[in-house]
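Assemble chains B, C and D onto chain A, guided by the hints.
Number of protein chains: 4
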Amino acid sequence: MSGNSIGKLFTVTTFGESHGLALGAIVDGCPPGLELSEDDLQADLNRRKPGQSKFTTQRKEADQVKILSGVFEGKTTGTAIGLVIENTDQRSKDYSNIKDIFRPAHADYTYSHKYGTRDYRGGGRSSARETAMRVAAGAIAKKYLQQVHGITVRGYLSQLGPVKVEKVDWNIVNENPFFCPDADKIPAMEAYMKSLKGNSVGAKITVVASGVKPGLGEPIFDRLDAEIAHSLMSINAVKGIEIGAGFDSVEQLGTEHRDEITSDGFTSNNAGGILGGISTGQDIVAHLALKPTSSLSIPGQSINTQGEPVEVVTKGRHDPCVGIRATPIAEAMLAITLMDHLMRDRGQNAEVQHAIPDVSKS
Amino acid sequence: MSGNSIGKLFTVTTFGESHGLALGAIVDGCPPGLELSEDDLQADLNRRKPGQSKFTTQRKEADQVKILSGVFEGKTTGTAIGLVIENTDQRSKDYSNIKDIFRPAHADYTYSHKYGTRDYRGGGRSSARETAMRVAAGAIAKKYLQQVHGITVRGYLSQLGPVKVEKVDWNIVNENPFFCPDADKIPAMEAYMKSLKGNSVGAKITVVASGVKPGLGEPIFDRLDAEIAHSLMSINAVKGIEIGAGFDSVEQLGTEHRDEITSDGFTSNNAGGILGGISTGQDIVAHLALKPTSSLSIPGQSINTQGEPVEVVTKGRHDPCVGIRATPIAEAMLAITLMDHLMRDRGQNAEVQHAIPDVSKS
Amino acid sequence: MSGNSIGKLFTVTTFGESHGLALGAIVDGCPPGLELSEDDLQADLNRRKPGQSKFTTQRKEADQVKILSGVFEGKTTGTAIGLVIENTDQRSKDYSNIKDIFRPAHADYTYSHKYGTRDYRGGGRSSARETAMRVAAGAIAKKYLQQVHGITVRGYLSQLGPVKVEKVDWNIVNENPFFCPDADKIPAMEAYMKSLKGNSVGAKITVVASGVKPGLGEPIFDRLDAEIAHSLMSINAVKGIEIGAGFDSVEQLGTEHRDEITSDGFTSNNAGGILGGISTGQDIVAHLALKPTSSLSIPGQSINTQGEPVEVVTKGRHDPCVGIRATPIAEAMLAITLMDHLMRDRGQNAEVQHAIPDVSKS
Amino acid sequence: MSGNSIGKLFTVTTFGESHGLALGAIVDGCPPGLELSEDDLQADLNRRKPGQSKFTTQRKEADQVKILSGVFEGKTTGTAIGLVIENTDQRSKDYSNIKDIFRPAHADYTYSHKYGTRDYRGGGRSSARETAMRVAAGAIAKKYLQQVHGITVRGYLSQLGPVKVEKVDWNIVNENPFFCPDADKIPAMEAYMKSLKGNSVGAKITVVASGVKPGLGEPIFDRLDAEIAHSLMSINAVKGIEIGAGFDSVEQLGTEHRDEITSDGFTSNNAGGILGGISTGQDIVAHLALKPTSSLSIPGQSINTQGEPVEVVTKGRHDPCVGIRATPIAEAMLAITLMDHLMRDRGQNAEVQHAIPDVSKS
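Residue numbers (this note's numbering), protein chains in the order written: chain A, 3 to 364; chain B, 3 to 364; chain C, 3 to 364; chain D, 3 to 364.
Mixed in with the good hints there might be a few duds.
On the chain B side, residues computed to face chain D include the following (Cβ under 7 Å) [stated by the list, open to error]: (1) Leu11; (2) Gly18; (3) Leu23; (4) Ala24; (5) Phe74; (6) Gly76; (7) Thr79; (8) Tyr194.
Computed footprint of chain B on chain D; a stretch qualifies when at least three of its residues, placed anywhere within it, have a C-beta under 8 Å from a C-beta of chain B [as the list claims (entries may be wrong)]: (9) 8-17; (10) 22-28; (11) 32-46; (12) 216-229; (13) 258-269.
Using C-beta positions, here's what the derived DEER-type ranges look like [said to hold, decoys possible]: (14) A:Asn201 - B:Gly318: 50 to 60 Å; (15) A:Asn201 - C:Ala45: 31 to 41 Å; (16) C:Val170 - B:Ala45: 26 to 36 Å.
Derived from the structure by calculation, the hints contain no laboratory data.
By construction, the Cβ of each residue, glycine as well, lies at the ideal position given by its N, Cα and C atoms.
Extracted from the complex, chain A is given alone in its bound form (with noise of 0.2 Å):
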């Protein structure tokens, strides 16, 4: 029943409850050296939290992180730091409603199933709570990545519900509720929001890695794609991944999807940066799509403990999109993963030494 570990040596493994006492984290192989302050770690948490406008929860959090170790004098000593965040909006609510039924498309029933028990108050271990420590594990990810190998990470919203993103505009991303990039699509996003009254939508979100050098990844199983894949489908609603042309590729021709290659770099990005499980020095270029938020105040037909029918209707404060907050957690996940891989790869120092043309320099 072990599995709240990822990464094999860039390894984050995370517990905490939706309203348990704290939510935690061990980030194990951050490389010393690197400066780090909670500072670092809070401003991606702020973009994660809820209530930060009209179109999500207004539960109040406050989320600040602590770092119990692994940091000396300003700067990440090689062992592993401890990460806590207590949980103050823990309200002695009466959760006598949901406690015995099974709420559809909640973890609830597999939960029960899995465990034979489980923790009710707000989803327990199965809220999307725990994702805050996945985006503070992720911003130490994030600093390695950019200080010491240049490499960004970042991402965006490119559809919510009907609404699809058209350009993209790096600067306003952070600048607005939806982390939308395209300043064209906000008003029309604002407006469908307003019109779920009470119902929910899904999202799709996109997440781009710029100045991965070419070689990154362990083929055959542990391809560069494959651990993506499962690091952002392990994000709460994710229902799809894709790399690059995606499920496009599906009706593209073989001449239409190739990227060819030139002196100048590759002529398109199809491969979305990888190629057999490897980068190839383009941006790396993922998509998720999430499913839309599962409390809703609509009734919807269920059955209890006993698999007597019961109408459940959820109450209280949630998003009506979770895409929306998803943007920073998916950050988190691929900067994640691709600090893991950094640090298995030998190629990328000195003993392999690459006398390829690099065409991702030009």
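This is chains B, C and D only, laid out in the frame that chain A set:
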């Protein structure tokens, strides 16, 4: 650089290059007492084998598997199962035309960057020939799942280029060269393949596991869907993975997507049989996007190992749609991942007494 | 650089420096339904805690553990258990005397070489203070082993410097400051400790697991004895591990060493309860050699970080024999490894029907 | 039940039974560019091979290894290396005498309990024949360590029954049938072996790695000494492991044990080259205790699979001291573990700039 294993308790490790002496695998963690012979593996290997129809490569590969260990008196002993397939089609071919160039959309460029060298004969380790051992190992998992747990793993081609399957008749899947489950679409597929004339096309595969009990999967990071995504994305040419509704979730409303629960079972399966990373007891359904074959007789531009521009034309015998033969490979990978999770899960045995209603039984 | 986890299915990951804010651990893979409270962990923590007698360090550490997750309504839920102990004895001490020198027999020199930096306050991560979290995590394993499988894990000091234990009375082990099982030897131990006068001495610990059924262990490389050796050798100051007869085997004849089998059980236990890497059903017996404490008030020669010769004298409060407090740590590590193997083993459950005679029952 | 792999980044997975068709291994994680031929492996295999002198078993096993993948144009490619040795000495022997009995000190009883079945031909998977693949895989590690890092791994027999070696002359180790480094002791060893007359005896092996730089090892749990203990204890018949002073540490005073440091190096090596789980730059020294061979022609009592008492007499060709042939096996395992740690360590490359004095260079 070690990435040739998959699975934590049911572990498959493979070796072998396209034109090396042999391919092989070690299957570690198969419980004792399973009746197993080479014929059990050969059946699926023959489904994957090239040269079975005019729509796949005409290369002849016997793909005759030998079991070297782990089976005694016709049954598995619980120890490591060694498998080997000798390569019989090692034509002493002239590879001078591809030795020094990077074929577009192939792994030539990335392998060269990672390793500083590559076995250029037929793609070496990056060749899809490697997938033969996945099919052999997967056949062991499929047999165990079927015999011990009553789980059936099977797949079909759901889309070939623009031709989409509209109905699923499992009885015909293995009776046509496309693994197509819709008899009405076979003529269109044949016609489309003939129209390709040296070009290639992508495909979509669907794999389904029936009979999985609720409770399988290891949150948070080793969720069943995350590990299925890893497993399927590790197959050559795969660029996208969906679980259940997949990317359709993006535009779904919460009320559409949520699978309501009744005493007679779930009313739909947008979840694809997985909630919170744990099986629901419904069919587990995954879709894979496969890119078009990269080896084309239509010239494309690239560079050579000196960085100079070259024109690439691939000669020889290649599948115009690698997706076609991918159906047994995808089944194998899904089976391997389910098998691994069965071994890891303690909830499937007597330690946890489930008094929870199981609607999948109804 | 990630090495802070142990166990494959029952996985313990720790963090924390001697003088950091806190120590912590994540215990991943404990089955649901186990009654667990902080008191269960505190009992063993108190056995390890310094300042319990005049023969151990007089430092005061409250070592008060908190369970942050994974327990709900008094029982484990099957999800990750987060543990933390705040460091209360963080005196704002002057470390300038050891900051720039490498104390002999300590990890100062090696940590500096590995990481290029080190937290010099009290040894940082290399301090035995880290073992508190092992004891906390091990207490969970010990309780599960006892309650669910009837397995008892316990240990004693079998030798202190030249004073060798000659008989084992489990009833007195926790009733004296040495974990000594032989009442007749306690006066000699006391006298020997007093004679040390600033010097330190090594010790030998014996740990025993009773009630393990035959069949536990995972050949070839994950043999039970190999993983016990790993687990015990990972404890600070341990320099040797024996299973059963250990180094006495070297001079034994085959007829002496072999444990013959009768219908009433084995006639001896030179194997230490493990044959071929798998438990026999007899007591599992392991011995550990612990080196003398490295912190001495008797001057020793070393170099500083500039490579210049220096004289090192350690001031402050240190155990003259680290082996004494190691008994609960060794028990914890043995319990963690047995727990992990119980989780990994499929032969312990209903899938394999044992018709094999079990002489351990007689 | 999967335990047939060792190593995290340099991973060796083996298969094969004593009397099966073949033994094999996959060596995953060897960097590219290493010149490698079957001869490199055969040299060590021949040192381990039985029938080399009158003091080892007279069974003939060709132990001819084949490299099936991972090497191209005489050099490793960085991909998985497949190895196989066909079993040529599969006499169609009558095993009815051991089929239904549990030989004392063998793994018959424990394998039967674990798996509910066993391949009784010559011990099946539990036979020391399995160690041939360790030697083959270890030879790759040894060559890499030597050529790329200047690390030499070698071993000798330090004690045979009561005969203890008193000096180490590396030049004669491979020139006598005992791997004995002390010419004066060879006659006593010969005489002792002749005196055994059907009985067997234990042995002690010492392995040494020279040239390891300071900084190798991954605290806390993956300490270098802990993983060496794991690796060496996984060898058949091993019952004890010591690092450096080992069990002598128990009676040492702190002033005796501590290895003081001078600008010219350490003054002694009680640490065995490892402090805090990390290499010091001194020789890494480990000792192994091996139990006497279990197969004896002197009758012993046991039970059969029905639980009835039986007398066991082992016929056939067996080593009277398995320890003798264990020297190359222990070298192989030490080399595999060092190789794995070299691959895992980031401190060995340019990322960490060591300004720390390195006394091992002096």
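inquiry  = The hint names tyrosine 194 of chain B as touching chain D; please verify it with the least Cβ-Cβ distance against 7 Å.
reply    = With a closest approach of 36 Å, the tyrosine 194 of chain B hint is violated.
request  = Examine the stretch 8-17 of chain D for residues whose CB is less than 8 Å from any CB of chain B, and state whether their number is three or more.
outcome  = holds (count 8)
inquiry  = Would the hint on leucine 23 of chain B be counted as holding, given a Cβ-Cβ threshold of 7 Å to chain D?
reply    = holds, 5 Å
request  = Against chain D, run the beta carbon of alanine 24 of chain B and see if the smallest gap drops under 7 Å.
outcome  = Hint on alanine 24 of chain B: holds, closest Cβ of chain D at ~5 Å, below 7 Å.
query = Close enough to count: is the Cβ of leucine 11 of chain B nearer than 7 Å to one in chain D?
reply = holds, 5 Å
task = With chain D as the partner, please determine if glycine 76 of chain B meets the hint condition of a C-beta pair closer than 7 Å.
result = violated, 11 Å
request  = Return the status of the interface hint for phenylalanine 74 of chain B: holds when the least beta-carbon distance to chain D is below 7 Å, violated otherwise.
outcome  = holds, 4 Å
ask   = Are three or more residues of the stretch 216-229 of chain D within 8 Å, CB to CB, of chain B?
value = With 0 residues close enough to chain B, the hint is violated.
ask   = Under a C-beta cut-off of less than 8 Å, do 3 or more residues of the stretch 258-269 of chain D approach chain B closely enough to confirm the stated coverage?
value = Not satisfied, violated; 0 residues make the cut.
query = Given threonine 79 of chain B was flagged as interface, is its beta-carbon under 7 Å from a beta-carbon of chain D?
reply = Hint holds; threonine 79 of chain B Cβ to chain D Cβ min 5 Å, cut 7 Å.
inquiry  = Given a hint of 26 to 36 Å, does the C-beta separation of valine 170 of chain C and alanine 45 of chain B actually sit inside it?
reply    = violated, 59 Å
inquiry  = Taking 50 to 60 Å as the stated bounds, is the beta-carbon spacing between asparagine 201 of chain A and glycine 318 of chain B within them?
reply    = Distance hint for asparagine 201 of chain A, glycine 318 of chain B holds at roughly 55 Å.
The structure does not agree with the numbered hints 6, 8, 12, 13, 15 and 16 stated previously, though it agrees with the rest.
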